[in-house]
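**Student:** The chain contents come next:
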Amino acid sequence: KQEVTQIPAALSVPEGENLVLNCSFTDSAIYNLQWFRQDPGKGLTSLLLIQSSQREQTSGRLNASLDKSSGRSTLYIAASQPGDSATYLCAVTPGGKLIFGQGTELSVKP
Amino acid sequence: DARVTQTPRDKVTEMGQEVTMRCQPILGHNTVFWYRQTMMQGLELLAYFRNRAPLDDSGMPKDRFSAEMPDATLATLKIQPSEPRDSAVYFCASGLRTNSPLHFGNGTRLTVT
Numbered sequence: 001k002q003e004v005t006q007i008p009a010a011l012s013v014p015e016g017e018n019l020v021l022n023c024s025f026t027d028s029a030i031y032n033l034q035w036f037r038q039d040p041g042k043g044l045t046s047l048l049l050i051q052s053s054q055r056e057q058t059s060g061r062l063n064a065s066l067d068k069s070s071g072r073s074t075l076y077i078a079a080s081q082p083g084d085s086a087t088y089l090c091a092v093t094p095g096g097k098l099i100f101g102q103g104t105e106l107s108v109k110p
Numbered sequence: 001d002a003r004v005t006q007t008p009r010d011k012v013t014e015m016g017q018e019v020t021m022r023c024q025p026i027l028g029h030n031t032v033f034w035y036r037q038t039m040m041q042g043l044e045l046l047a048y049f050r051n052r053a054p055l056d057d058s059g060m061p062k063d064r065f066s067a068e069m070p071d072a073t074l075a076t077l078k079i080q081p082s083e084p085r086d087s088a089v090y091f092c093a094s095g096l097r098t099n100s101p102l103h104f105g106n107g108t109r110l111t112v113t
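If you read the protein sequences in the order shown, they are chains A and B.
Under this note's numbering, the residues of the first sequence are numbered 1 to 110, in order.
Under this note's numbering, the residues of the second sequence are numbered 1 to 113, in order.
By construction, these hints were calculated from the structure, which means they are not laboratory data.
A hint or two may mislead.
[As the list claims (entries may be wrong)] Derived lysine-lysine pairs resembling PhoX-like cross-links, with alpha carbons at most 20 Å apart:
{"#": "1", "chain 1": "B", "residue 1": "K62", "chain 2": "B", "residue 2": "K78"}
{"#": "2", "chain 1": "B", "residue 1": "K11", "chain 2": "A", "residue 2": "K42"}
{"#": "3", "chain 1": "B", "residue 1": "K11", "chain 2": "A", "residue 2": "K97"}
{"#": "4", "chain 1": "B", "residue 1": "K78", "chain 2": "B", "residue 2": "K11"}
{"#": "5", "chain 1": "A", "residue 1": "K42", "chain 2": "A", "residue 2": "K68"}
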């Protein structure tokens, strides 16, 4: 059974700092991995999707990497801003449906 | 800007009552998902449709929950009878095709007293 783990559960950093969020999964047989952002009281917003054949994806200040063989992904946020404060979730797709981690709650202090 | 629309936004009901949640997926998307989110369990998949056909509802309590797509513009999730343990935020999401990025609605916050 696929399990997705995210470390740390919560993170607080000062504005401007570069940071890394971690995601690990137990079964490497995945089609893709997605990173989402969730603001309080809102739904999830897709940030990046990495296909199983890819190693990384970039969007603006965000960079996500995928190492299928080790069952790991990282989300790198450069020059963090208070507006980046949210919960970040990763999810893997064994085939169609997504299986989510519990998320990392990020707080960026001005 | 296309978005997934869920109604109602909030629902408070008494134990034993029927609850129906509705979702309008993004036009042209052929996959639709229902997820439930709680603090304890996180996001759990309840049901998954492709081209309106149910593919996976293994996460759904079959005795009280049902999910349908009467047409391509409407997905419903019904709970009958509701119980306090059903209190959660229920999200609908749609995707253009299998393994595409998912677009989530803002959820229905259900409280069963």
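**Student:** Can you give the numbers of the hints that this structure goes against, from lowest to highest?
**Tutor:** Numbers 3, 5, in rising order.
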